Every structure is written in C-alpha cells, then in structure tokens.
Amino acid sequence: MTDDGGDRQLLILYATETGTAQETADRIARECRRAYFQCRVCSVGTYSPEDLISETFVLFVVATTGSGAEPRAMTPLWNLLLRSDLPRDLFEDLDFCVFGLGDSAYERFCWPAKKLSRRLLALGAREVCPRGEGDDQHRLGLDGALEPWIEQLLETLLLLYPEARVVEKNRTLGKPPPHTLEPFEANRSYFDVAVRCNRRITAEGWFQDVRHFELVADRDIMYDPGDVAVIHPTAMDAEVDSFMVMMGWANVADFQDQTLPDGVPRIATLRILFTYHLDFNAVPRRSFFQILRHFTTDDTERERLDEFLSTEGADELYEYCQLVKRTIREILSEFRSTRIPRDYIFDVFPPLRPRQFSIASSVKRHPREIHLCVAIVKYRTKLKIPRRGVCSSYLAGLRPGDKLRITVEKGLIKLPDDPHTPVICVGPGTGVAPMRAVIEDRADAESNATTLYFGCRSTFKDHHYGTEWETYAKNKQIKYRVAFSRDGPEGAKRIYVQDLMLEDKDTVWNLLNHQRGTLIISGSSNKMPAAVRGAVANIAEDCGKMPKDDALKFVNEMEREGRLIEECWS
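Going by this note's numbering, the sequence shown runs without a break in its numbering and finishes at 600.
These aren't lab readings, by the way, just hints derived from the structure by calculation. Because the structure is a prediction, the values reported are computed rather than measured. Glycine included, every Cβ here is placed at the ideal spot set by N, Cα and C. Check each hint, because a few of them may be wrong.
[Said to hold, decoys possible] Within a straight-line C-alpha distance of at most 25 Å, the following computed PhoX-like cross-link-like pairs (lysine-lysine) qualify:
1. K408 - K491
2. K394 - K412
3. K535 - K509
4. K355 - K394
5. K491 - K444
6. K557 - K535
7. K523 - K506
8. K491 - K535
[Stated by the list, open to error] Here are the in silico distance ranges between beta carbons for each label pair:
9. G427 - M276: 37 to 43 Å
10. T330 - K412: 18 to 24 Å
11. F237 - K440: 50 to 56 Å
12. S363 - R590: 50 to 56 Å
13. Y191 - K578: 48 to 54 Å
14. T330 - E122: 54 to 60 Å
15. L413 - R372: 26 to 32 Å
16. T497 - S423: 24 to 30 Å
17. T497 - L353: 27 to 33 Å
18. P117 - N568: 40 to 46 Å
19. R372 - K412: 30 to 36 Å
20. A233 - L413: 26 to 32 Å
21. F237 - L428: 19 to 25 Å
22. V275 - L189: 48 to 54 Å
Take the sequences, apply the hints, and build the full model.
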C-alpha cells in the first residue's frame with residue numbers, strides 16, 4: 031500500500047481461467063474506490079513474481095480450476111513460493127488478504143486460495159482480513175460471500191490506514207467514481223496466424239458441432255504438448271451496429287472523443303471498443319444490476335432492480351438472468367430508461383475476454399502451425415434466440431485466409447523425459463485435443479509406450495480423429511481403447527473410459543505402479559476426472575492388494591510426484 035497525493039494505492043492480483051476472478055477483482059476495485067483507495071488490478075500472469083518482495087499490501091483473487099488446481103497463470107508464482115530455500119521472514123513487511131472462488135460441490139473447494147494463504151503466512155506475511163471463499167452453490171452465487179467480505183475488507187483497510195478520507199455511512203448506496211484504470215492487458219507475445227483449415231469433424235446433423243482448425247504463423251513458433259492457444263474474439267459487425275442503435279450511440283459511434291483508460295489504443299471509437307474490447311453479449315453477474323440502478327430513471331424499472339437485488343429476490347434474479355443466460359444487450363433492451371454515460375462504460379461492460387484452447391498438435395510435426403479441436407457452443411434456453419459462445423462462434427465464422435492474433439501459454443502437462451516411459455492418456459470428447467499433441471510428439475520420438483482411452487457417444491457421429499488413432503494402433507505406436515457410450519443396445523449399461531480402465535486393470539496397474547508411468551486426464555471437469563481417479567484407486571485396491579485408504583494415498587502420491595496430471599475445464 032503506497033501513498034500518492036493522499037490516496038491509498040492498492041494492488042489487486044487475480045488468477046483466473048475463465049475470467050470470473052478478473053470480474054471479481056474489478057468489482058473489489060470499484061468498491062474500494064468508494065473509500066478513495068486507488069486500485070491497480072493486474073493478472074498474476076503479467077506480474078513479475080520477484081516483485082512481490084517489494085510490495086507492502088496485496089489483495090489476491092484466486093479462482094479454482096479442474097478438481098482443485100490453480101489457474102495456469104498462477105503456476106510461476108506458486109512455484110516460486112514453494113522454493114525450499116526461501117527464508118521464513120521473507121514477507122515480514124507484507125500485508126495481504128485472499129478471496130477464493132470455488133464450488134463446494136467439489137472436494138477441494140477454494141483449494142488454491144487456501145494454499146496461497148497458508149504459504150504466505152509460513153513466509154512471514156500478515157493476513158489482515160480473514161480469507162473469503164465465494165461459492166457457486168450459494169443461492170446468491172459468489173456474491174453470497176463476496177459482498178459481506180468486501181464490507182469487512184473496507185472496514186479493515188480504513189482501520190489500517192486511518193489517513194484515508196472518511197467514507198460516508200451510506201457508501202454502498204453511492205455511485206462509484208468512473209473507472210480510469212487499465213482494463214486490458216497489452217501483451218506483446220501475441221502474433222499473427224492465418225486460417226488454413228476450419229473443418230467440421232462431427233457428422234452433419236449431429237447435435238454438437240466440433241471443428242478442427244489449422245492456424246499457420248509466418249514465423250517460427252515454439253510450444254510443448256499441453257500448452258494452450260489464447261484467442262481474443264471480436265464481436266460481429268451487424269451486432270455492434272444494432273447495439274449502437276439501441277444505446278442511442280449510432281451518431282457518435284465513430285467519433286474519437288471518448289475518454290479512454292490506459293491500455294486501450296489512443297484512437298478508439300465506441301465502435302472499436304465494443305468490437306474488440308467490451309462484451310455486450312456477456313451474461314452479467316449481480317453486481318451489474320447494482321450499478322445499472324444508478325443509471326435507470328423509470329420508477330417501475332428501478333423497483334424491479336431493487337427486487338432483483340434484495341435477498342428475497344435472489345431466485346427471481348437467477349431465473350431472469352443466469353438460468354436462461356440472458357445477455358447484457360438483452361437486459362438493456364428491457365430496461366429502456368437506462369442511459370449509460372460513456373465515462374462509465376468500463377464499469378458497466380466487462381472486458382471481451384480471451385479464451386484458452388488446448389493445442390491439438392505437436393510443433394515438431396507441424397512447424398509454424400497450431401491445430402485446435404473446438405466445440406462450437408450453441409444451445410437453447412427458454413429465450414427465443416439460441417445462446418452462442420462468444421469465442422467459439424467467432425472461430426466458427428473464420429474462413430481460410432482470415433487472420434487473427436493469438437498467443438501461447440504454458441499448460442499443466444509435463445511429459446516424462448524418457449519417451450519410453452509409459453503414458454496413459456484419458457481424453458473423452460474434445461479433451462482429446464492435448465492428447466493429439468502428446469501422441470504426435472511421442473510418436474515422432476519413436477515411442478510405443480502411449481495408451482489412449484477415448485470416449486464419445488457414437489462410432490460414426492463424434493469419433494474425433496478416430497482414423498488417426500486407428501492408424502497409430504495398427505502401426506503399434508499406441509494402444510487405443512475407445513468407449514462409445516450410446517452405441518450399445520437400448521437399455522444396456524453405458525460404457526465410459528473409466529469402465530475400460532477397470533477392464534484393463536492388470537495392464538493399468540503394471541504401467542502406473544511397476545513401470546512408474548504417467549496418467550494424463552483431460553476434458554470436462556464434471557464427473558469424469560473423479561471417476562477416472564476412482565478407477566485408479568479401485569485398481570490399486572484390487573491389483574495392489576491395498577486397503578482403501580492406502581489406495582487413495584497411492585493416487586494422491588502420483589499427483590504429488592507429477593505422474594497424475596489433470597488438464598480439465600468447467
């Protein structure tokens with residue numbers, strides 16, 4: 031915490047995978063501005079971990095990914111903090127607090143936030159506000175814990191720093207100052223790629239549209255199996271035009287008189303901002319309705335917002351917004367008296383966030399290329415217009431020759447140094463994307479010690495890269511096992527990847543225990559990762575003759591040793 035002209039400077043570091051932690055960090059910063067604290071909001075991915083030693087106050091906002099892992103961007107900081115040679119008083123001058131985001135339906139609820147808090151305390155830092163833990167299962171969602179935690183945080187800050195200006199008692203009812211901080215991160219690691227291939231790989235008429243993309247760079251690029259491509263989507267021109275008209279900005283959409291925060295191009299119009307930087311198609315959180323109320327003049331509409339924001343109205347708000355995935359644009363079309371001042375657009379509209387996609391290729395086999403396997407998100411709710419994923423829809427519309435800017439980030443997968451060490455890949459659905467990179471990399475190293483367990487619904491509908499796997503297996507480069515969960519007779523038990531592993535229990539036990547192999551799990555973080563871990567524990571009980579507790583310890587020990595890796599997403 032530093033002093034600059036009487037205002038308190040607060041550093042907020044967020045670690046996010048899907049953008050929710052960044053939204054939460056921005057929300058905390060907005061509330062702190064009510065108390066005249068100036069906030070610098072920064073991703074841990076762009077913050078130099080070595081600079082932490084010189085900070086005096088840091089607020090961490092940490093998401094949970096997969097079954098309890100930290101977001102990828104946090105890994106360098108976490109690895110630094112875990113060094114065994116760090117002195118116990120390293121952070122004796124550091125005050126900190128942590129707000130974690132998680133889902134109590136998972137066993138390791140807010141696990142990265144808890145670990146970060148414990149580690150900083152062990153290195154001498156002082157936790158000045160009790161850790162907050164936002165729970166998706168709460169009837170108010172994350173806000174159920176976030177709102178009281180922010181109040182507690184502000185009270186703590188004003189006690190610690192009494193020089194700060196006195197805040198009015200009705201602070202929570204006041205309109206915050208407009209956002210004038212950097213909302214976007216300039217990242218010079220981005221580079222241009224051209225689309226060479228955008229091909230549907232699921233059957234025509236199948237309910238899910240999955241695409242194979244091939245992107246070609248004009249220079250050499252480097253990445254490892256398991257790394258991810260980061261893509262910034264753009265809004266469609268027709269949607270931006272329609273939105274400008276609805277907001278009453280059509281006549282000024284191309285004027286360059288907007289007061290812009292740092293980090294946005296100096297020459298930026300409203301049209302540019304809502305095409306490349308701000309997301310009017312996002313499904314907003316409760317905090318959006320709180321700030322919307324300041325700019326709504328119709329009494330009936332204000333009463334409706336008050337009902338949404340009351341504790342009793344939580345279910346009504348959920349049904350109106352989150353349940354049906356109603357977008358900001360659709361909400362503003364219903365609250366017609368709302369007039370958003372242009373100085374406040376960075377408070378009302380969230381950033382158009384980049385999305386991460388596992389790379390489905392090996393750079394050794396495909397120099398200067400990045401391949402992706404992407405499910406195009408499109409589904410229906412009770413609303414008339416189908417819901418679409420912002421980035422996947424953007425990708426679906428790309429044609430050969432189109433160009434886009436991307437960057438590459440490190441993933442969680444680390445392969446054994448010896449290509450002949452066994453690796454078991456479990457990747458149902460589009461979870462097979464990083465497995466394709468792993469298999470190509472190991473096949474080119476003349477390895478035949480890779481086993482792939484793939485799962486999908488149908489042999490002929492969604493068997494992603496099936497011909498490739500069968501060719502590898504025929505050439506004895508991999509062992510291939512596939513579960514088609516819907517191809518069996520009606521009423522028959524459905525077979526999933528974990529069932530195949532149990533069928534192969536002796537082989538799996540030999541590979542993981544006797545040969546010290548690595549297990550990689552990739553895909554949706556619903557029931558599948560836990561089911562696969564459970565299958566391994568059952569195999570340890572059966573083949574290893576272990577008591578149940580020891581079998582669970584075996585699985586956990588594999589994870590600690592880096593021989594069990596989860597690359598999963600929600």
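Here's how the hints hold up against the structure:
no. : hint                    : in the structure
1   : K408 - K491             : holds, 18 Å
2   : K394 - K412             : violated, 47 Å
3   : K535 - K509             : holds, 14 Å
4   : K355 - K394             : violated, 41 Å
5   : K491 - K444             : violated, 31 Å
6   : K557 - K535             : holds, 20 Å
7   : K523 - K506             : violated, 30 Å
8   : K491 - K535             : violated, 29 Å
9   : G427 - M276: 37 to 43 Å : violated, 22 Å
10  : T330 - K412: 18 to 24 Å : holds, 23 Å
11  : F237 - K440: 50 to 56 Å : violated, 34 Å
12  : S363 - R590: 50 to 56 Å : holds, 52 Å
13  : Y191 - K578: 48 to 54 Å : holds, 52 Å
14  : T330 - E122: 54 to 60 Å : holds, 56 Å
15  : L413 - R372: 26 to 32 Å : holds, 29 Å
16  : T497 - S423: 24 to 30 Å : holds, 28 Å
17  : T497 - L353: 27 to 33 Å : violated, 40 Å
18  : P117 - N568: 40 to 46 Å : holds, 44 Å
19  : R372 - K412: 30 to 36 Å : holds, 33 Å
20  : A233 - L413: 26 to 32 Å : holds, 28 Å
21  : F237 - L428: 19 to 25 Å : holds, 22 Å
22  : V275 - L189: 48 to 54 Å : holds, 49 Å
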